[in-house]
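All chains should be built: construct the whole structure from the sequences, respecting the hints.
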Amino acid sequence: MTMPDRVEMRGIDKRYDASQVLHGVDFSASQGEIHALVGENGAGKSTLMRILAGVVRHDAGSIALDGELVDPGTPQAARRLGIRAVHQELSLVPHLNVAENLLLGALPTRPRGIVDWPAAHREAEGMLTGLDFGGIDVRTRVDRLGISQRQMVEIAKAVRGQPRVLILDEPSAVLSSAELERLFLVLRAIREAGGTVLYVSHRLDEVFHIADRITVLKDGSIVGTVSPHDVDQPGLIRMMVGRPLSEVYPARTTSVGEVALELDRLTGPGFRDVTLSLARGEVVGVFGLVGSGRTELARAIFGATRATGGSMRLNGSTYAPRSPADALRAGIAMLAEDRAREGLVLPGSVVDNLTLPSFPRLRRHGLLSRSRQRRVADTEVETLDIRPRGLDRPVRRMSGGNQQKVVFGKWLLHGASVQILDEPTRGVDIATKVQIYRVIGGLADEGRGVLLISSELPEILGMSDRILVMRDGVLAGELPRAQATEERLLAIAAGVVAGVAA
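For the sequence shown, our numbering gives the first residue as 44, with consecutive numbering after it.
No wet-lab data here; the hints were simulated from the structure.
These numbers were taken from a predicted model, which means no experiment stands behind them.
Even glycine gets a Cβ: it sits at the ideal position worked out from N, Cα and C.
Any given hint might turn out to be false.
Simulated restraints, written as ranges between beta carbons of each label pair [said to hold, decoys possible]:
| hint | residue 1 | residue 2 | range |
| --- | --- | --- | --- |
| 1 | T297 | M46 | 55 to 63 angstroms |
| 2 | H252 | L150 | 33 to 41 angstroms |
| 3 | R123 | D307 | 56 to 64 angstroms |
| 4 | A525 | G54 | 52 to 60 angstroms |
| 5 | G67 | H272 | 23 to 31 angstroms |
| 6 | R481 | G409 | 31 to 39 angstroms |
So, in structure tokens, the structure goes:
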């Protein structure tokens with residue numbers, strides 16, 4: 044007798060206002076399977092998974108688990124059905140510590156209901172070490188953790204109790220390669236135990252590495268389901284975007300101008316003695332493993348944290364920002380790694396988020412000109428192909444990739460002479476990456492200096508004129524683009540070989 048599918052979704056429709064997001068989607072996944080979902084931003088992947096996780100209600104269609112019709116109408120109902128999800132925007136309680144988050148609602152107690160904290164800490168530590176996610180102090184408040192550590196806590200919380208269905212939406216975007224391998228071991232163990240993993244990702248190399256089957260969505264409809272043995276990456280990309288992508292990284296003729304930004308032995312929280320320069324018309328890549336200090340360095344340049352030693356010069360003048368507002372006034376903008384916490388006002392509209400840093404120049408007689416605001420925002424929506432194109436749509440109701448485009452567009456509009464881009468293509472599909480790479484190349488061609496921080500080695504190699512490697516808070520090496528390879532950069536980042544200054 045044939046076993047029913049673990050997950051069967053039939054005729055799923057979903058509409059937001061005038062926008063039809065899902066069109067009669069039929070999707071199924073088997074017991075003991077890792078099933079990947081891929082597609083361009085706005086294809087409907089996250090919406091489909093949020094419906095299954097009970098976060099969003101579908102307008103039409105049915106859902107069955109192991110052949111039984113179910114209604115995961117709320118996250119609580121979905122959890123009772125054995126469905127757990129890790130969404131792109133994490134759901135941890137920031138002011139509680141790691142143990143409290145992991146055991147929320149199930150903290151061990153002593154008589155009279157008093158929390159047994161030693162037992163809670165032991166149980167939380169066991170959850171993390173059992174997944175090889177050690178190194179996280181369970182007594183630490185979540186808002187004091189790095190984003191990759193928060194992701195690991197969220198995953199540990201989701202896999203507690205062996206879920207029937209585990210949904211992971213872009214889980215690897217903030218994980219190092221070592222952390223990703225540990226995650227893959229966890230997912231394979233869940234599969235071997237009979238669980239079903241639904242894995243949403245834009246990183247096609249890891250999809251081919253981990254998935255048993257791959258389903259492609261485009262414009263709210265299923266294009267097809269394939270085995271990774273029956274299709275290659277170019278073929279999958281054609282399914283996703285409807286056309287081949289011949290050139291991912293734009294060809295550029297570097298025309299380096301005067302030095303825009305100089306750091307001399309800059310020291311601050313998480314980094315020390317960093318000396319570097321960035322010229323106009325130049326893209327300088329910064330690579331490093333998680334914890335290398337690259338984001339901390341960027342935050343100090345942008346004034347989000349205070350440097351404790353060394354000095355900076357911007358366009359030949361002393362530069363010592365006391366806040367991001369100082370940096371913006373001086374002509375430095377930063378696209379932050381964590382878009383939800385630091386890059387967006389999620390309840391706000393597309394038009395307001397796009398133009399927020401540009402309000403001073405959009406004023407007329409001291410008041411914000413709504414007509415000018417909408418006009419410049421509409422240009423960025425068109426340039427970056429932000430979907431759907433309603434300027435008044437709250438950004439919280441957009442896909443993660445389109446939210447990233449809004450953050451990117453915000454800083455393009457500001458027109459800063461130095462752009463710091465921290466993981467600019469995180470959670471973005473391949474077609475949108477190509478779009479963003481062309482914009483980055485255009486910034487350099489306009490004479491702006493770009494500091495590109497990325498965990499993706501192909502991105503660093505494909506876009507940078509020079510590459511800096513950070514390790515343990517210090518600048519460990521510098522290579523010109525022509526001398527850089529993935530192996531060499533990883534070796535420098537891991538401390539296997541010394542860097543070579545250009």
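Consistency of the hints with the structure:
Between T297 and M46 the C-beta distance comes to about 58 angstroms, which sits within the given range of 55 to 63 angstroms. Checking the proposed 33 to 41 angstroms range against H252 and L150 shows it holds: the Cβ atoms sit about 37 angstroms from each other. Evaluation of the 56 to 64 angstroms hint for R123 and D307 yields a pass: the beta carbon distance comes to about 59 angstroms. Distance hint check for A525 and G54: the Cβ-Cβ separation is about 54 angstroms, which falls inside the suggested range of 52 to 60 angstroms.
Against the hinted window of 23 to 31 angstroms, the Cβ-Cβ separation of G67 and H272 comes to about 29 angstroms, which satisfies the hint. Range check, R481 to G409: about 37 angstroms between beta-carbon atoms, so the 31 to 39 angstroms window is met.
Figure legend: structure checked against the earlier numbered hints; every hint is met.
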